[in-house]
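Residue numbers (the numbering used here), protein chains in the order written: chain A, 1 to 118; chain B, 1001 to 1148.
These are computed hints drawn from the structure, not numbers from a lab. For glycine and all other residues, C-beta sits at the position ideal for the given N, C-alpha and C. Do not rely on the hints blindly, as some may be mistaken.
[Unchecked claim] Selected chain B positions facing chain A (in silico; Cβ < 8 Å):
#1 R1011
#2 D1065
#3 S1067
#4 R1068
#5 Y1069
#6 T1070
#7 Y1075
#8 T1116
[Unchecked claim] Quick list of simulated restraints, FRET-style, between CB atoms:
#9 N36/A - P1081/B: 24 to 30 Å
#10 A70/A - N1062/B: 33 to 39 Å
#11 V67/A - A1055/B: 14 to 20 Å
#12 D1106/B - A111/A: 20 to 26 Å
#13 D1103/B - E32/A: 51 to 57 Å
#14 R1068/B - E32/A: 54 to 60 Å
#15 N36/A - D1106/B: 56 to 62 Å
Each chain, letter by letter, is given below.
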Amino acid sequence: MTITADDQLSATFAALADPTRRAILTRLAAGEATVNELAAPFSLTQQAISKHIKVLESAGLISRMRVAQARPCRIEAVQFDNVAEWIDRHRQMWQERYDRLDAHLAELQSAPMPKESQ
Amino acid sequence: MTQPGELTYRRIHRASRELLFDCMTMPEHLTKFWGPDGTSTPINGITVDLRPGGAFETAMVNDADGSRYTMRAVYIEVRRPEKLAWTESAVEGGMTTTITFEDLGDGRTQVVTHQTNVPPIMANPDARKGFETSLRRFAEYVVQLRSA
Chain A
1 MTITADDQLS
11 ATFAALADPT
21 RRAILTRLAA
31 GEATVNELAA
41 PFSLTQQAIS
51 KHIKVLESAG
61 LISRMRVAQA
71 RPCRIEAVQF
81 DNVAEWIDRH
91 RQMWQERYDR
101 LDAHLAELQS
111 APMPKESQ
Chain B
1001 MTQPGELTYR
1011 RIHRASRELL
1021 FDCMTMPEHL
1031 TKFWGPDGTS
1041 TPINGITVDL
1051 RPGGAFETAM
1061 VNDADGSRYT
1071 MRAVYIEVRR
1081 PEKLAWTESA
1091 VEGGMTTTIT
1101 FEDLGDGRTQ
1111 VVTHQTNVPP
1121 IMANPDARKG
1131 FETSLRRFAE
1141 YVVQLRSA
């Protein structure tokens, strides 16, 4: 993984730290939405919502379409894949390591004394 | 509580926590299981200076092409048999691994491995406040998003 990819991932983790931003992502998972539509369920100004959207956008989690004047937002699946990949990679490493540890323990425990029959 | 950018892995082993702690800290044990599948970790490539501030290094050799990768870490907490922690400063902006060994009282031990790769931006308490979603739940959420 390059430094740049790490920095992007850091920005992504930071963007995901906020409950409002996660709520925005959950809404966008159901489909594209404009800033007005996204602001509706929150007791926040449109300006505050726009700020959250900017953070999500620079974290690569969403993009804004250029087609309409309202510039609807949509989820960027690729960045979610990067986060999931980080999680999977590390979990896999530990899982395999502890599998091998179990095999090692079984060897240790079978060697010194005979196993009791159950 | 696990947060995005963190990983918690729980595993129950049929062994005492003393033995498990020793497995994670003695080269003669580590050499048997440490490296990823397809690699080996020769005992002479393992450094364990078991004290806070002491070095923990493992040189892993790829079985296929002989290439080496060395993990370089420094212990930050050493408390046999309940807790072990080290930090790798060169990895992804600084990675800390904490392992706790919990005696289940029936000859089994739960080993909880917690790995953090907290980006520098997270040193800001405001940024950190919102971190409440567990990584496992988050992974499920990602899957949901992907299938939506």
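Results of checking the hints against the structure:
| no. | hint | verdict |
| --- | --- | --- |
| 1 | R1011 | 5 Å, holds |
| 2 | D1065 | 20 Å, violated |
| 3 | S1067 | 18 Å, violated |
| 4 | R1068 | 17 Å, violated |
| 5 | Y1069 | 12 Å, violated |
| 6 | T1070 | 16 Å, violated |
| 7 | Y1075 | 18 Å, violated |
| 8 | T1116 | 10 Å, violated |
| 9 | N36/A - P1081/B: 24 to 30 Å | 58 Å, violated |
| 10 | A70/A - N1062/B: 33 to 39 Å | 53 Å, violated |
| 11 | V67/A - A1055/B: 14 to 20 Å | 57 Å, violated |
| 12 | D1106/B - A111/A: 20 to 26 Å | 22 Å, holds |
| 13 | D1103/B - E32/A: 51 to 57 Å | 52 Å, holds |
| 14 | R1068/B - E32/A: 54 to 60 Å | 49 Å, violated |
| 15 | N36/A - D1106/B: 56 to 62 Å | 59 Å, holds |
In summary, the numbered hints that this structure violates are 2, 3, 4, 5, 6, 7, 8, 9, 10, 11 and 14.
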